[in-house]
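Enquirer: These are the residues of each chain, in order.
Protein chains: 2
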Amino acid sequence: MTELVSRAQGVRFDELALATRNHGMQLEGMRYDITPIGMHYLLIHFDIPAIDPSTWRLRVTGSVERELELSLDDIRSRPATTIPVTLECAGNGRIGMDPRNVSQPWGLEAIGTASWTGTPLRGILDECRIRDGAVEVVFTGADRGFQDNVEHNYQRSLGIGECGRPEILLAYEMNGVPLPPQHGFPLRLLVPGWYGMTSVKWLRNIEIVDQPFTGIQQAAYRYQQDSDDPGLPVSRIRVRALMVPPGIPDFQSRRRTVEAGTVGIRGRAWCGTAPVAGVEVGVDGVWHDARLGHALAEFAWYRWSYAWDAHPGEYLLSCRATDADGNTQPTAPPWNLLGMGNNLIQEVAVTVR
Amino acid sequence: MTELVSRAQGVRFDELALATRNHGMQLEGMRYDITPIGMHYLLIHFDIPAIDPSTWRLRVTGSVERELELSLDDIRSRPATTIPVTLECAGNGRIGMDPRNVSQPWGLEAIGTASWTGTPLRGILDECRIRDGAVEVVFTGADRGFQDNVEHNYQRSLGIGECGRPEILLAYEMNGVPLPPQHGFPLRLLVPGWYGMTSVKWLRNIEIVDQPFTGIQQAAYRYQQDSDDPGLPVSRIRVRALMVPPGIPDFQSRRRTVEAGTVGIRGRAWCGTAPVAGVEVGVDGVWHDARLGHALAEFAWYRWSYAWDAHPGEYLLSCRATDADGNTQPTAPPWNLLGMGNNLIQEVAVTVR
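Just so you know, the protein sequences line up as chains D and Z, in that order.
Every letter in the first sequence is one number past the one before it in numbering that gives the first Met the number 0, and letter 24, counting from 1, is 23.
Every letter in the second sequence is one number past the one before it in numbering that gives the first Met the number 0, and letter 123, counting from 1, is 122.
Some clues are possibly wrong.
[Claimed, not checked] A short, non-exhaustive set of chain Z residues, derived as facing chain D with CB atoms under 10 angstroms: (1) I94; (2) P98; (3) Q224.
[As the list claims (entries may be wrong)] Over 10 angstroms on every C-beta distance to chain Z, these chain D residues come out as not near it, computed from the model: (4) A18; (5) R58; (6) Y222.
These aren't lab readings, by the way, just hints derived from the structure by calculation.
All C-beta atoms, glycine included, are put in the ideal place defined by N, C-alpha and C.
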């Protein structure tokens with residue numbers, strides 16, 4: 000059920016209950032190329048399931064010539080790839096929407112970059128020989144609960160064509176260790192370039208289907224203007240830059256205090272649709288080009304920096320990225336009913352002393 | 000500055016900004032004896048500091064015969080102990096206070112049990128030979144910021160007598176790996192039995208002092224009735240039991256749905272002042288004895304369980320622990336100005352079907 004509240008009403012207790020369960024990445028974590036485990040963002044729809052890896056099996060069923068039932072050892076014995084991937088929650092920035100949907104109330108911290116190890120999904124799909132007429136692949140997790148009064152296991156689908164991308168993994172390690180329970184142990188899907196909802200955790204079934212999947216978690220991730228608008232599906236990550244807030248914070252307000260002089264403003268930028276072409280830093284609305292580094296990997300964030308000559312006073316710093324297709328970040332939230340894909344420009348108020 | 004808001008006003012945006020940075024332990028995490036890294040609670044006053052372990056040094060100064068300057072290798076080469084310890088934030092339960100202080104708005108999830116490895120503090124203090132007249136030891140972290148308009152590095156003190164406890168560690172590993180940045184890398188204090196504020200992270204200085212330390216983080220953790228009341232210092236963890244919410248949740252409301260039949264209600268209990276003597280489970284206010292297991296270790300949580308014969312309907316489940324001194328959990332929040340030590344009984348609404 001979509002339920003909107005306005006910013007003037009403050010935050011609700013049910014939003015808070017989600018905010019303390021789900022974890023944001025402290026933005027100073029952008030200093031690490033690879034986000035340490037425990038700093039990476041986490042969005043968990045239901046409960047973290049308890050799974051015994053010795054009895055756990057992945058079943059591949061549906062419109063295939065050969066169904067599969069694979070143990071964790073079977074999957075680990077297949078060709079393995081390790082790639083750094085930046086993930087972002089589709090709801091990142093939701094709190095900037097006004098009014099906003101009552102859901103996980105992210106500020107800007109629903110991000111992280113991990114080094115994921117797994118076997119390419121494509122190899123598994125080749126092995127089971129998909130039949131003609133199949134259109135999508137449905138991924139089902141072991142996590143179960145209610146959303147909008149519908150009981151279900153968390154499920155998302157991906158088009159057959161998309162599933163052929165070689166970098167889509169069935170991942171069993173994160174940063175060189177077995178997936179922690181909260182990140183999908185023993186196996187999760189990993190879809191580089193897409194918002195995180197597609198990378199189904201605690202994977203237990205892959206079903207190849209002949210009709211588009213219409214489960215609730217497909218409907219829950221759409222760019223709708225209102226509840227009558229079917230909207231477009233949320234898919235790839237929109238271009239975004241974020242800075243590490245400079246200086247030191249106030250505990251409660253998080254407002255920053257910075258020493259005068261040359262201040263290194265640093266951050267990361269990423270985009271799921273095209274390479275990042277440039278990052279700019281705004282100082283009280285005047286934009287300056289930042290120095291953009293290389294991406295850590297094709298689907299991971301770029302490092303950027305800007306040397307700010309800071310004089311005592313009050314300032315509003317901001318940053319924005321532009322991708323190679325010319326897409327940039329908006330100055331007003333790109334409103335949609337469910338509060339998805341809000342890549343509004345970050346603003347950080349600082350006092351220079 | 001203490002600033003009170005009432006429950007009727009909802010949650011504030013500055014509380015939310017803290018809630019998304021600081022991490023609660025999902026209560027289903029109580030199924031693990033040792034909380035996986037990334038599920039353990041985190042309360043970070045300022046920013047997570049960036050520390051180069053090769054140049055980092057711990058300095059032991061003040062009222063001693065011999066000051067010390069120790070590298071991480073020096074500390075790792077000393078006698079090592081590994082112990083499981085349950086930590087809880089002193090502000091856990093703050094959201095249940097009405098009115099409440101505007102600070103980190105914990106529900107009940109600011110808990111975790113890790114296996115900590117380090118060298119006993121006592122050995123270091125023996126080596127530097129504390130002078131007569133010393134009364135406290137002040138621990139200073141590398142994390143710096145403002146609180147109540149005072150700029151400071153995070154600092155807490157502990158009495159000389161308390162520092163002689165053999166189980167107080169200078170810890171450099173958590174669950175068998177080097178401390179993650181967010182848990183205090185490269186070294187933190189660990190004071191078993193006390194609320195977490197005393198276990199100073201990112202430790203860089205230990206100073207032995209002849210006068211009681213009066214820093215802001217001592218004042219920030221007191222049981223005051225009002226701002227004129229000096230109050231008593233927050234110290235050891237009050238007795239508490241929590242249950243893993245049974246059944247499956249609703250995403251937004253977190254309300255639980257449970258299948259009729261025998262339902263295993265499970266949880267943990269802990270207390271920093273005395274052993275846990277018993278745990279009871281309440282079903283609509285009628286109390287039943289739970290089966291209490293052994294503690295995992297002297298300063299770690301106990302496992303408990305209760306087999307509930309559940310019939311279809313709506314129920315309010317609760318649990319409460321009692322310690323060997325006869326202290327139990329209150330039915331109304333034990334109000335204090337700063338929202339500390341609220342060990343109010345947990346209540347979980349469930350639908351049995």
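Enquirer: Now tell me, hint by hint, if it's right for this structure.
Expert: Status of each hint after checking the structure:
{"no.": "1", "hint": "I94", "in the structure": "holds, 7 angstroms"}
{"no.": "2", "hint": "P98", "in the structure": "violated, 14 angstroms"}
{"no.": "3", "hint": "Q224", "in the structure": "violated, 22 angstroms"}
{"no.": "4", "hint": "A18", "in the structure": "violated, 4 angstroms"}
{"no.": "5", "hint": "R58", "in the structure": "holds, 21 angstroms"}
{"no.": "6", "hint": "Y222", "in the structure": "holds, 20 angstroms"}
In summary, the structure is inconsistent with hints 2, 3, 4 from the numbered list given earlier, while agreeing with the others.
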